[in-house]
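Asker: So the protein lines, in turn, are chains A and B.
Residue numbering for the first sequence follows our numbering, starting at 1 and increasing by one per position.
Residue numbering for the second sequence follows our numbering, starting at 1 and increasing by one per position.
Don't take each hint at face value.
Each pair of labels, with its calculated beta carbon distance range [unchecked claim]:
1) A:16 with B:246: 51 to 61 Å
2) A:8 with B:139: 37 to 47 Å
3) A:129 with B:22: 37 to 47 Å
4) B:14 with A:324: 52 to 62 Å
5) A:60 with B:147: 51 to 61 Å
6) B:34 with A:168: 51 to 61 Å
Source of the hints: derived by calculation from the structure; they are not laboratory data.
Fair warning: this is a prediction, and the values are worked out from it, not measured in the lab.
Glycine included, each C-beta is placed from N, C-alpha and C at the ideal position.
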Amino acid sequence: MQPSVSIQNLKLDFGSVSVLRDLNLDIGQGEFLVLLGSSGCGKSTLLNCIAGLLEPTEGAIHINGQNVTWAEPSDRGIGMVFQSYALYPQMTVEGNLTFGLKNAKMPKEEIKRRVARAAEVLQIEPLLKRKPAALSGGQRQRVAIGRALVRDVDVFLFDEPLSNLDAKLRADLRVEIKRLHQRLRNTMIYVTHDQVEAMTLADRIAIMKGGVVMQLDAPGVIYNKPANKYVADFIGSPSMNFFATTLDSTREPKVRIAGKDVYLTGYEFTRPGISGDVWFGIRPEHIVTGELADMAPAQFEVAAELAEPMGAETLIWSTLDGAPLRFRVDGQMTVSPGDMIRIGFDPARASIFDTVEELRI
Amino acid sequence: MADVTTTMQRPSPAHASGPKPRRAFSRRNIMIYSILFVLAVYYLLPFYVMLMTSLKGLTEIRTGNIFAPPVEITFEPWAKAWSTVCTGLNCDGLSRGFWNSVKITVPSVFFSITVASVNGYALSMWRFKGANVFFTILIIGAFIPYQVMIYPIVVLLREMGLYGNLGGLVLVHTIFGMPILTLLFRNYFSSVPEELFKAARVDGARFWTIYFKIMLPMALPIFVVAVILQTTAIWNDFLFGVIYTRPENYPMTVQLNNIVNSVTGVKEYNVNMAATLLSGVVPLTIYFLSGKLFVRGIAAGAVKG
Ligand SMILES: Nc1ncnc2c1ncn2[C@@H]1O[C@H](COP(=O)(O)OP(=O)(O)O)[C@@H](O)[C@H]1O
Ligand SMILES: [Mg+2]
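Sequences and hints are given; from them, build the entire structure.
Answerer: As structure tokens, this is what we get:
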């Protein structure tokens, strides 16, 4: 099947600053793709290129098989939702929804039908006669989504649509967007810097850094098998614990941590047989304590330095092999600084990267 | 300010509740109001003298005190100033100048603001190639002294066949208003969120649709500011009026000068005062009617970065 959106060798410079470098991306029909990355990594720039709001320096963009590299934004079959909602302040909600349709000279009955449907889907019927100033943030964003919805487009583009909302509303609207996707089955490209949004919404996540896609995979793969140290560090909160150590693959592969040999039984190597200096990473949530620690293949004794109770669980800060170590314990457990805690983990769940290119081994 | 901070640090009395009582005659208030009063008198006194003088007969002016109100109110000087006083060659009063000024001001204000608002919109939203160069040239234009350009413009207008016409003067006013008005509009439109513009483009709106449907309705406050600035500036203009028009097309300011500075006959102070007040009526009215809107427009981004 032909991809819904296909980006080929896309390059964009602002003067001498190169923001996107030779970017290639294929997005399938009906796929929910999340562009995730820290602020300033070029996510919005990429989205604006797809929308036709920025002209690429080089490269081509195809939507549904059509080359749209030089097409006007309105001729690309896309709808876009912005972080600041970008509702036209002097028009009513209805005016906002119909503006694009009127520009396209659509017949009145058709406009009416589409507005009614969008209003029903998004439950904004009572708001149609109001001005944006009289709406709450969540309602405004719903109207903004409606504006994309009425245009009946194939591809939805979202640029951090939930970033201006408070935490509770953000969670609610996140679910609504997911529901919308399940109902409409459109292709959606969603920009965010929030990894929870990315993990919960995405079919695939593209992690970006400095205008380059670092990894493009399903959320589970990104989380469990990060392709490089940047992705491993970026995904997960609190972030992965790293130890600088040496990998010895001459016989049974093993690393040395805090004077102990840790055998990598069950670890799925991407590049087997490599020995040398490596980063050994293990996620805080993969470190166990108590009886579970006694059964774990690798076991250590560490001193708690700081405890951050978060209700359901408590985050412990400690040190292992000279590197900071974070892990979680049950929220009911009381831990004081200086307490010795027995921890363990399964090296099969770890991530190992070389120290030169920091790619997964 | 000193006493304010000390009262704030003092603990509240035990029964304190609700809004804090304020004294109407605190030292600070007395200071502020007396300064405001003095300033108001300073600016209003000349106006008062003019108004009183314009309502007196010539004999009363010669014998009386200039601050004294008229014993016998007469509107004759006003009537004379408006319709019969001689201004240079014509003797049909200021009315001719008034209508000339209207014919100059209305189209000049309209054209300069129309063009400048489109300029500002294009410069801030569309960022076409060379936009910055264009803008820089425009702004440099604002810093070239008028005097340097007077003669070249005379030649230009003559070549275009507009010299001496109202049309020529309208063109000059439109062009000279361009730098500052473009700056005004550009800064205002720069404060409009870029995403709004992008949303409109995704919605299929092009250059003029975005201008008329999105930007114009948002920019009303700044249009008010521009109208006020331009109306007063063009109405009060003397230099361009006297240079680029023929006597029958002189604006009101030039006529006023010809009345007040005429050396023939007796000095009719009452007529002069009435004529001066008449010339000031239009800008004054505009200020009174739109003062609030003006302040709101200025606050809405006219003077921001
Ligand atoms: N109009 C512009 N001119 C110059 N640099 C820009 C422009 N827009 C964005 N940039 C730069 O491009 C980079 C990527 O920006 P952006 O795509 O907005 O990042 P984000 O991932 O946060 O959305 C940033 O470093 C930003 O400074
Ligand atoms: Mg962004």
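Asker: If a hint holds in the structure, say so; if it doesn't, say that too.
Answerer: Taking the hints in turn, this is what the structure says about them:
1. A:16 with B:246: 51 to 61 Å: Holds - the Cβ-Cβ distance for residue 16 (chain A) and residue 246 (chain B), about 57 Å, lies within 51 to 61 Å.
2. A:8 with B:139: 37 to 47 Å: holds, 42 Å
3. A:129 with B:22: 37 to 47 Å: Roughly 43 Å apart at Cβ, these two residues keep to the hinted range, so it holds.
4. B:14 with A:324: 52 to 62 Å: holds, 54 Å
5. A:60 with B:147: 51 to 61 Å: holds, 57 Å
6. B:34 with A:168: 51 to 61 Å: holds, 55 Å
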